Structures are given as structure tokens and as C-alpha cells.
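Visitor: Starting from the structure of chain A, add chain B where the hints point.
There are 2 protein chains.
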Amino acid sequence: MGTSFQGYITRLIAWLKSFPWPYQTAIAQKFGPSRLPVPNAPEDMTSTKQYEGHASKAYMSLKMAFRDIGRLNAVGETLGRDFLTAMPEGAYKSRLGQIAFLYRRMHEELSDEKLHGYLEEASEHQKANPHEWDEWDNANMREMEAMYRHLACVPADLMERKARLAYEGRRKHRDVLKADDWSEARPFLEDMVSLQQRIAEAKVLKDNAHPTDELYQSLMREYIPGAKLSDVETSFSRLEEKLKEILPWILEEQAKRPEPIPLIGPFPAAQQMWLNKSLLKVMGFDFDRGGLYETGHNPVEGGTPDDTRLVIKTSDSRNFLESMKSALHEGGHGIYIQGLPRDTWRYQPVGQDLGAAVQESQALLIEMILGRTKEFFTYLAPRVEGLFQKFGDPAMTAENLYALKTFVKPGVDRKGADEVTYFFHILHRMRLEKDLIAGRLKVKDLPEAWNAGIKDLLGVEPQTHAQGCLQDVHWFVGKFGYFPAYTMGHMMAAQIHDKMKLDIQNIPQLMGAGDFMPVQAWLLDKIYRNGRLMRSDDLLDSVTGAKLTPAPLINHLQERYLGAL
Amino acid sequence: MGTSFQGYITRLIAWLKSFPWPYQTAIAQKFGPSRLPVPNAPEDMTSTKQYEGHASKAYMSLKMAFRDIGRLNAVGETLGRDFLTAMPEGAYKSRLGQIAFLYRRMHEELSDEKLHGYLEEASEHQKANPHEWDEWDNANMREMEAMYRHLACVPADLMERKARLAYEGRRKHRDVLKADDWSEARPFLEDMVSLQQRIAEAKVLKDNAHPTDELYQSLMREYIPGAKLSDVETSFSRLEEKLKEILPWILEEQAKRPEPIPLIGPFPAAQQMWLNKSLLKVMGFDFDRGGLYETGHNPVEGGTPDDTRLVIKTSDSRNFLESMKSALHEGGHGIYIQGLPRDTWRYQPVGQDLGAAVQESQALLIEMILGRTKEFFTYLAPRVEGLFQKFGDPAMTAENLYALKTFVKPGVDRKGADEVTYFFHILHRMRLEKDLIAGRLKVKDLPEAWNAGIKDLLGVEPQTHAQGCLQDVHWFVGKFGYFPAYTMGHMMAAQIHDKMKLDIQNIPQLMGAGDFMPVQAWLLDKIYRNGRLMRSDDLLDSVTGAKLTPAPLINHLQERYLGAL
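Here the protein sequences line up with chains A and B, keeping their order. If you're matching positions, the first sequence starts at 1 in the numbering used here and goes up one per residue. If you're matching positions, the second sequence starts at 1 in the numbering used here and goes up one per residue.
Here chain A stands alone, though its shape is the one from the complex (with noise of 0.2 Å):
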């Protein structure tokens, strides 16, 4: 019984486990992880959350489901990281199949009529028994209800196709990007604009809140759950209309000192994923549980806290800081990832992450806000003097590489570009992704459309379609609607970065000495290990004490790249 004193014991002791658990890392990371498995302790252990018995029945039968549906996932994504990393190429066809009808049989057991009746009758249980129900299992049964009304009105054919395309997709991106193949990704883009407005419509019969693209926003929600698209526009506009006004400052105030000097490679691969993974391990990334790999194709946040497989691109020999920007964000993911609170509620709706925006305010977090601080770079830049083997290089001193990766140049490529221009990106994709959806913009003027957005906002123009509309696997991958987390997401890292300013005050002290651990040890007890106890809104505001605004994200770009103005 929930409420039972052997429950309440359970429930001491998991939180009493919980709480030492950043001490634990630092024990290990200096120590080094113990390789040992513990064979005979089974995965399942009755002490958990998860199997913890509880007063309603019908929840108890839906957390033994959604821990069906949450293993299919974790075997879906090692398929797909074997995909990535090391399925043999003529696999390929039959593995698609199995993806996929993995994934339907995942959305199946998911709209099951039984799972529905199980929810309604946990929800009454829930409603007249409020002392039996925990404030985790409330917010279980809260994201139960919500995974089966965002998914459940999706048939299961939409489903299994989405999965299949999206890891088509993923291939065809890197063969189009690579043969800059405009012709060859357009019927494939059509194909996949016309299920996602399929899906949409499926989506938006339920949720037709927003008078104006409701099939866009729809979608976006399964990026950002419950987000407005209106809210989400009246931050842009705030955004836009800011940086375009602090931009021409910039690049004159930029254009008074002299150009950062130039990297001058080679940079051996091996030793630039050494850096890599080197620098994940400062970060608090257990290896023992996850791994960084290059691949060929885009990167791919995702895997399961018991197995964080990073996948990053390639390495440039010429310049180092790529790879290592990608692996400072997807090892963002990563620890957020493994902080999840696996031990407790593995495979439940309420131990998963709070979808791609917090997921990206982790990465960003990680990757701009902390990864872009001079004494970063102080850290950074006699190490990799030594490793690269480029004694006195004054393109290697701490200063240039801080020049280097804080120059602002408005730019035709997303990845590539700078943390002030990056905004004018996300801005012009989801306008198009907006257009694409609600059928007013065309695939076959897709590109004609992209070149003329990004010239309108960055006066910039692409001169292939790889630098163009090719350049992002996104919309291959079939994630309409995700483009806007990276911003909503920068927005997230600067408030939350402002608040762990005031708890932990010697951030540039700690970074310039590559100490990660408190801030690991803060994000994990504020964020990580919450899993989805609340909603991202209710989490920001528990963690920084206010709503989600553009205002912390505008102070921290007038203050890094204007200085005291």
C-alpha cells in the first residue's frame, strides 16, 4: 500500500539513496567507474518506484504497462544507435522494418482501449483517494494521461510510417547534403510534409486550442509540451526585434579590435575525439553508461540514462572547435540524460526527460552560455597546446580561441553559426516549417523561399542548396515543430544559468579550473533528477523563481558581446 509504513520506508530509503548520489559521481570520477557488473542483482528491483505497490490497482496495471511501452523504447533506441554506429549497410531494408514495426507496436499498446480504461479508473481513484497518491505518482499518472492524449488519437499506420521515414530520412539527408541533390530530396520532403500534416490533423481533433496553425502547433508540442505557439511568437518578436537592434552595434564595436587569428591544423581525429571524450568526463559524463561516437551522419540527442550512446558527426582536421562544439552539446543531453531518475522510475512517463526545449537548455547550457566563458577557454587552451602539439601557436592562447568562438558573422549555416546570429536561424526555420504545414508554402518552393528568408533577416545568401535547405536533418528526420527549442531552449539556459550564478558564485573560477562537479551537482538536484515531477513551466519557476522570458538570454548576449553597455 502507498500509504503503508514499509512504503513510507521504501519511499525513505529512495530518497535517502537519492540524495548522495552527486558525492557518488565524485567518488567515481576520481576514482574511476567500476567496471564490475552485478550479475545476479536483477534490473527490476522490487525496492523501486516503479514496482512499489500502490492502493489503486488500475495505476499499479499502468505502470507495469508503461514500463512495457518504455522497454520497446529503450530497445528502439539501441537499434537505432546500432543503425548509426555499426548495423552492416545491407541491413538496412530489414531493419527499417523492424524499427518501425516496433514503433507501431510501442503506439499500439499505448492506445490500447484497456490502457484507456485503466487511466480513467486510476483517475477516479486518484480523485476520491488524494492520501494514497505521492506527489510523484501524481505527476506519473499526469504524464500517463498526457502521452495518451498527445499519441493515442494517432493511428497506428501514421505511427509505423513516421518511424520508418524518419530513419529513411536521416540517410537520404546525408546523401542529398552530400551530392547538394535538391532533386532527390524534394519527392522524399513532400512525402514527409504531407504525413506530418497527417499526423497534425490526427493531433489537432483534440487539441484545438489555438485559432491560427493549430497543425503546426501540434506538432511543436510534442517538442514543447503544452506550449502556446502564440507565447512562443510574442518571445520571438521580443527576440527578433532586440538583436536586430543590438547587431549593427556589435559588429562595430567587433570590427574596432582585430580579427582572432585563424587555426592552423592538422587535427588529428583521434586525438580531437580524445578531447572530446575527455572533456564530457570533466563534465560528469559516466562513460560506464554511455559512450561518444563519430559517425558520418548529423548528430542525434537521445538514447536511455542506462545507455547514452553520443553520436557527433565528423571531426574537421582543420579546426578542432566543431567536433568539440558538437560534443559540448550532446554532452549536454547526455548528463541531463543520465541524471534522470533511473534507479526510481525507469521506464515510467514521470522519470523521462521534459521534451527537446529543457533538453536543449542543457545542451546550450553547456555548449554557449558555460563552454564560451573566457576561462573556459583558460582552461582549454594550454591542453590543447599540448595535445595538438602546437607549442606557442598564438592561434592556441586562451584569448584568440575566446575571440574565435565568440566572433559574431551573420552566416548562411545554422551549426556554424554564432550565439547571437543562431536566434535569425530558428527564426527563419520555423516560419517556413509553419508555411510547409499549413500548405501556404510549397516543397517545390522551398528553396527559392529559404534563400529569400535568410537574406531578408541575415542578408546572407546561400550559394548551394547544402548551404541552403539541405543543410539540416530535421526535417528529414521528420521533426517539424523542433526548430523553436533551441531558442525557447537558449532562452531556459540564460534564466536558469542566472539563477546558478547567485547559488554557486565562483562559476568563472570553477570553469577556468575545469571544475564541473557543482555545477553537475547543481543541475542534477534542480533539474535532472526531477525527471518530469513537474512541468517544464513549473519546474523554471520552482528553479528561478519566474515565468519563462527572452530577457535573461537578451542581458547575456548584450553582456558577453557588448560588454558593460
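It is worth saying that the hints were derived from the structure and are not from the lab. Warning: the hint list may mix true and false statements.
As the list makes no split between identical chains, a pair holds if one copy fits it or if it spans any two.
[Said to hold, decoys possible] Taking lysine to any residue pairs in the SDA-like style, the calculated list, with each CA pair at most 20 Å apart, reads: (1) K547 / D286; (2) K313 / A86; (3) K114 / H125; (4) K281 / A86; (5) K281 / G302.
A quick note: this is a predicted structure, and the numbers were derived from the prediction, not measured.
Guide: Chain B alone, transformed into the frame defined by chain A:
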């Protein structure tokens, strides 16, 4: 409809497609396999037999159900490969749970009441309308019924536990073997034996054909479907008698010749793996649909025709012949798997291999029979002299390599055993596992019984548990009843080889030229591409014109080891 003109044309096309396969392979070998996938061609082409319409609706439902079971199995195989080759250590516990869950699901689907109903309905249709069923459909139906009969009787809990223990056991074995730790092994084996007994009991209820050792027989039938233990024992008695007779002569003749010159390393691991992969390519293994990995775990055959990743344990830097032997053995399995009728019958029971005995026949045919001919070493010797930079090393001549690999010496080690004494290791293990399953031997008494038995058969005494009862992985992964499949396979291999020599008269010259193509094409035609069209007895009869007997193996050993006596 199965009998419609269109159905006939479809089958004709499938047949024609299947025909030039070896020649396609020849082309691929010559010009390298295409690395370009065909992203838009669905895996599930409706022209395949799996999706072809049929007059029996129940049979169509069965085909779809077994497709899904087959897909789950393929997913399980990928998880298993990942487990051995890439998974981070910390994912161990949760992965066990996922694998066990997947196999439980598979079992639940197989033993579903609905499936039983389809089987009965389809079977009635088959009897009433034999003209609607072609030979492949009939065989598929027979194998569906056999799978159901063999497995549905086992409770799902036991199957889930079996899957979990099998993966736990693989690691347990690696660790206890390294540490020579019987006390750690014993409780695990006790659990495993008791689980196997419970599975056997569930099976015997439906399978009480044999008066004694029914439990053991029911387990053995997982590896040698339909075999009678009494038949196996009759063959083994004949082999025991004959080999005990000729072994002293062989040793006597051998003593008259100078001892082979031992190899002097080091043979670097990277070169050994290059050699092993290159030999597999020569043998026709398609690396576009598979790979070869060193894992530190005992080898494991398996995978699917689309994704056949072979694993061997490690390379010994002092002796490249050891890892080569493993690679040739696993390669024999791999070529068989890759040759199964995947385009037409992927996932269907009739498209699968014929079980462990036939699997081992293909592995031992390559490893021991063809891979130890004088001519094969004529091909190998100059190449390894170059690869390992040993010009003029007297140990590296064809004659000496042949002498090393055909040197007969009773020893404690099965995997390192020569071709003649190998059988005694199998006989020894079969006796022990029969006694363990029957309860006549307790796990606690295993080390003593092991040592006494091997001394009795071969006059040798293990000095450690690792040299004794801990040397094999099989019992740790729950493969009780597997061992006889090696010798049954060895017998089959010799019998098949006799027939092959009649059809391809220049096998020695081909081996000497490193040309496996005609052999591979013959095996593909006679064995691989048939899947389970025939049961193994009938297949052997159709290929060799005789039932399985030990005579060809005895002749082969006499010929190779005693010359023209």
C-alpha cells in the same frame, strides 16, 4: 490466390530470382558489394512469398503472426550482438531486463490461443485443399506447427528467465573462467540446471516418446529437431568403439614422423583479424550483410541473413591458427545463415536454418574438413609468410602448418582438440549433461565427475577448473543438449563432403587456389537456400541419398590420419 495464374507467375519470378544468386555473388565478389542501399524499396515487398496471398485466411494470419515473431527475434539478435560488441558496461542490468522482456513477448505471441486456432483452421484447409498449398507453404505450415508444439507448452515465465540467465551466464562464464572460480560458478549452474529441468518437464508432457532420459531428449530436440536420443547413442557407440580402435594406431604412426615445428610469434592482433576477415571473404561471406568481431566472450553463432555479425573470442599473439580456426568455424555458420531464403521467406519458420546439428555440419565442414586439407595450407602458407613478415620461417611452410593443425594429441581442452579426439570431448559432455538433467549427478559433484570422465576417455587430467568443467560456455547460457549437435554435425559434414567430392571433382585444386566459389555455390544450392523446406533427415537424404551414419566420418578420419590403410 495461391493457385491463380498471378500467384504462379510470382512464384516463377521468385524461383528465377533465387537461381542466379551464386552468380550474383560471384559478381559482387569480383567487383565488391554495392554499398548503396535502396532507400525507397520497402523491406516488405509484396512479391515475396511471405506476403503472397493464399486461399486459407488462417494461413495468411499465421504468416503475419510469424513475421512479427520473427521480427522480434531479429531485434533480439541485434540487441544480443550489441550486448557483446558495443554496449556500455553500465547498461548491463537494464539490458538483461529488455532482452528477457522481448523473448517473453515473443513466447507469449507464439503460445497465444488465437494462433492455436489459426493453426487448426489452416491445417484443415490444407487437408481439404491440398492443391492450394505448394511445397514451401506445406513446409512452412509444418514448421509453424513444430515451433508451436515445441515451445507453446513452456510457461512464459520460464522462457523469460531462460533468456535473462542466458545473457547473465555469458558474462558469468567469462568471469569465472578467468578467475578459475568454481565457487562462483556453482550456484549459477545450480539455478540453470533447475530451470532447464523445469523447461524439460513442461516439454516432456507433450513429448514422451522415449522411456528413459526423456527430459534430456526434450532439451536436445531444440538443437537436433525430432532426433531420438537412442539413435544418437547408437551412432556415438559406433564412433566410440571405432575411434578407440584407431586412435592408438594414429598416435603410433604419428610418432614415426618428426614433430611439427611450433609457431613463433608475435602475430599481431590486427593482422590476425585482417587475415580472418580476408579468409571469410574468400569463402563467400558477405561483409555488406555482416561482420566479424573480437569480443573477449566465447564465440556465438547467430544473427540473421540480413545482419550476420560473427564474434570470436580473442586472438592469441603466439598462435594465429587459433583465431583463424574460430573464424573459419563461425564463418561456416555465417555463410549458411546468409544463404537462407531471406528475400522470399524472411522471418517465416520455413526460411530459418535447420538447427544446431545442421549449423555445426556447415561450420565443421569449413573449419575441420575443408580448412584442414593440405591444399588449403598450400594456399595459406605463402600469404601468412608475407602478412606476418616471416619469410623463410620453417614453421610457416604449408607442410608444417598442415602438420600443426592435424597433430593428434589427447588433451583436456575441447576447443583446442584435434579432429580425432574431438568426439570424446562431446561424448564426455553428453554423458554429464544427461546425468545432470536426470538428477543422477548434482552440480556440486560436477568437477569430480568431469575429471574422472575425461581421464577415463582420454587419459588426461585437468589441473584447474578452467581446464575442466568451466571451459565451455554452453551450460552457462543454458544450452543443455547442444553438445551432441557437434558430432552429429561432424558426421553430416563428412557425409555431405563425400557427395560434394563426386559433384565437384577438383576440390583439392580449388582449395589450393583459394577458390571457394564452386563449393559455396554447391552448398547454397543443396542446403542454404532450402531453409527448412525439408527436415534435416530428408535434406541429408536428398543431398547424399542416405540416412545419417557415422561411416563417412570414420572413413574421413582414417583417410586423413592413417593414409590409405
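Visitor: What hints, given by number in increasing order, does this structure fail?
Guide: 1
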